[in-house]
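Peer 1: Single-letter residue listing:
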Amino acid sequence: MLINLTNRIKELLCLIAPPIIVLLSIFGVWEISVRASGVEEYIMPAPSGIIIEIASNVTDYSFNALVTIGEAIMGFILGVIVAIIGAIVMYQSRFLERGLLPVAILIKVTPFIAIAPLFVIWFGFGLIPKILIAAIITFFPVLVNCLAGMRATSVDITDLLKSLNASRSEIMIKASIPNSYPYLFASFKIAIPLAVIGAVVGEWFSGDKGLGSMIIRAHNNLDMPQLFGAVFILSFVGVLLTGLVWYVEQKVLFWHDSQKNRETAL
Amino acid sequence: MNKSDKKASDKYILDRSLSNRIEVSNICKSYTSNHGVNTEILNSITFEIGQSEFVSIVGPSGCGKTTLLKIISGLIKPDSGKVTIGGDSPLKSRGSKSIGYVFQDPALIPWRTVYENIRLPIEVNKQADDTNSRNIEELISLVGLDGFSKHYPHQLSGGMRQRVSLARALSINPKLLIMDEPFGALDEITRESMRYELLDLWTKTKPTILFVTHNSAEAVFLSDRIIVMPKAGAGKTTNITVSLERPRTENTESEEMFNQLINQVRRSYKC
Numbered sequence: 001m002l003i004n005l006t007n008r009i010k011e012l013l014c015l016i017a018p019p020i021i022v023l024l025s026i027f028g029v030w031e032i033s034v035r036a037s038g039v040e041e042y043i044m045p046a047p048s049g050i051i052i053e054i055a056s057n058v059t060d061y062s063f064n065a066l067v068t069i070g071e072a073i074m075g076f077i078l079g080v081i082v083a084i085i086g087a088i089v090m091y092q093s094r095f096l097e098r099g100l101l102p103v104a105i106l107i108k109v110t111p112f113i114a115i116a117p118l119f120v121i122w123f124g125f126g127l128i129p130k131i132l133i134a135a136i137i138t139f140f141p142v143l144v145n146c147l148a149g150m151r152a153t154s155v156d157i158t159d160l161l162k163s164l165n166a167s168r169s170e171i172m173i174k175a176s177i178p179n180s181y182p183y184l185f186a187s188f189k190i191a192i193p194l195a196v197i198g199a200v201v202g203e204w205f206s207g208d209k210g211l212g213s214m215i216i217r218a219h220n221n222l223d224m225p226q227l228f229g230a231v232f233i234l235s236f237v238g239v240l241l242t243g244l245v246w247y248v249e250q251k252v253l254f255w256h257d258s259q260k261n262r263e264t265a266l
Numbered sequence: 001m002n003k004s005d006k007k008a009s010d011k012y013i014l015d016r017s018l019s020n021r022i023e024v025s026n027i028c029k030s031y032t033s034n035h036g037v038n039t040e041i042l043n044s045i046t047f048e049i050g051q052s053e054f055v056s057i058v059g060p061s062g063c064g065k066t067t068l069l070k071i072i073s074g075l076i077k078p079d080s081g082k083v084t085i086g087g088d089s090p091l092k093s094r095g096s097k098s099i100g101y102v103f104q105d106p107a108l109i110p111w112r113t114v115y116e117n118i119r120l121p122i123e124v125n126k127q128a129d130d131t132n133s134r135n136i137e138e139l140i141s142l143v144g145l146d147g148f149s150k151h152y153p154h155q156l157s158g159g160m161r162q163r164v165s166l167a168r169a170l171s172i173n174p175k176l177l178i179m180d181e182p183f184g185a186l187d188e189i190t191r192e193s194m195r196y197e198l199l200d201l202w203t204k205t206k207p208t209i210l211f212v213t214h215n216s217a218e219a220v221f222l223s224d225r226i227i228v229m230p231k232a233g234a235g236k237t238t239n240i241t242v243s244l245e246r247p248r249t250e251n252t253e254s255e256e257m258f259n260q261l262i263n264q265v266r267r268s269y270k271c
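As you go down the protein sequences, you meet chains A and B in turn. Start counting the first sequence at 1; every next residue gets the next number (my numbering). Start counting the second sequence at 1; every next residue gets the next number (my numbering).
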């Protein structure tokens, strides 16, 4: 029991020690070079200065972080729902796929930064434009992966279900849709940091809440510690949300090959 | 359910108990490739399988065995010819869930437990009459997987997965069990023990079995009759009756007739 526990602590250390060591070294070099060169704080603050700035305004940062996380997650969920519905529709026939996929690609290749100001005009200064931008970025990778996952269903399994006269929707519910889960999670890992970017870009163009607005304010005031503080928190939010996706993936995809080598990998 | 439906379903149950004869007559099938080349795969294939008979199909690779199985199970349409399973068309048999299918790959659903995988055929196509379906727990012990019902496919060995696949095919108590090289991917030792298990299961459940294999010894060991397919698109099938005594045991393989039959099978698909 005790040996088991120490082993688990060891495992955990092996897992988190390498990135922590690398990160600390980067911050160390940064700190030393800022101090040694005597660069002004409004050009480049030292990590210690940024951490002090965050620590002294914790409530401000956490409130704005929550706003941005909320927008990103709502946009992400909306994008995922629309993408999955789209994939299911396109799965019905190659004809529908050929008709709809170009539209999806058009949405994908249009730079979302270019339409962000338009969204502000259409939907005002509230949550909606931010959520929509996050949703648009999420949409494409999820759609394409979901469709690929459904199409990758084993022919033997679909033949078996057909030989039992299972209906199209039964084949989809029993086989194709769950078969797309590994593909979906791969796309979630790409899409969730993108959704955060979408929310931040939305905040740049309108409103006064969220980490994106904080960055704009800090930039206007040449308040570099605050600008870096907001950027730090944003990276942290990205790591947190991606970690959450990994965690859920592990629980949902316990049956998939990608999860089987975990023990040997450690 | 109105009166005429009721009558139809009564008749259907009667049919099922009367006869599971399979009749395949004059099946032709050809494919046209993308370059417009027409390849004849099956040329007027005709045979019959009696109720609860164990029939193997052997033949050179590419002779259209899998195509034939898909035609019999109603997954693809023949260009001409007719198949009946206990008097019903393949499509009707699909509708009444009368065909069990076992592939070379176990084709289990990885996110479902052994129990849930075996139950899959019962869950779909609810219009079919499920009164014939078997008890899942009983099936699990019939294929020797007691205690594994909550395991997932990735936790099982190759042989165990194939047993789950077999149990899944039997869950609907099929009139016809189609097995497409079911032991092809297994190692020699597992493969041999699966032969005994399959025969044991067949004696207990008595479906009509159509078994495809590349292995002449396997075909002789298991079957009542062997149908040798000609090369793709050519000639007639050859019938070889296997009159070895049942139950087949280890001694069967040392009988002289066993080896003679194997040679006969090999000779007939060389010419």
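In short, the hints are calculated from the structure, not lab data. Mixed in with the good hints, there may be bad ones.
Which chain A residues stay away from chain B? Per the calculated CB distances, all over 12 Å, these [what the hints assert, rightly or not]: (1) I20; (2) I81; (3) I105; (4) I115; (5) V155; (6) D156; (7) I157; (8) K162; (9) I171; (10) K174; (11) G207; (12) P225; (13) V239.
A few chain A residues that face chain B, going by a derived Cβ cut-off under 7 Å, partial list only [to be verified]: (14) S154; (15) L160; (16) S163; (17) N165; (18) A166; (19) E170; (20) I177; (21) A218; (22) E249; (23) W255.
Even for Gly, the Cβ is constructed at its ideal location relative to N, Cα and C.
Peer 1: Determine which of the earlier numbered hints do not hold for this structure and return their numbers in increasing order.
Peer 2: 5, 6, 7, 8, 9, 10, 20, 21, 22
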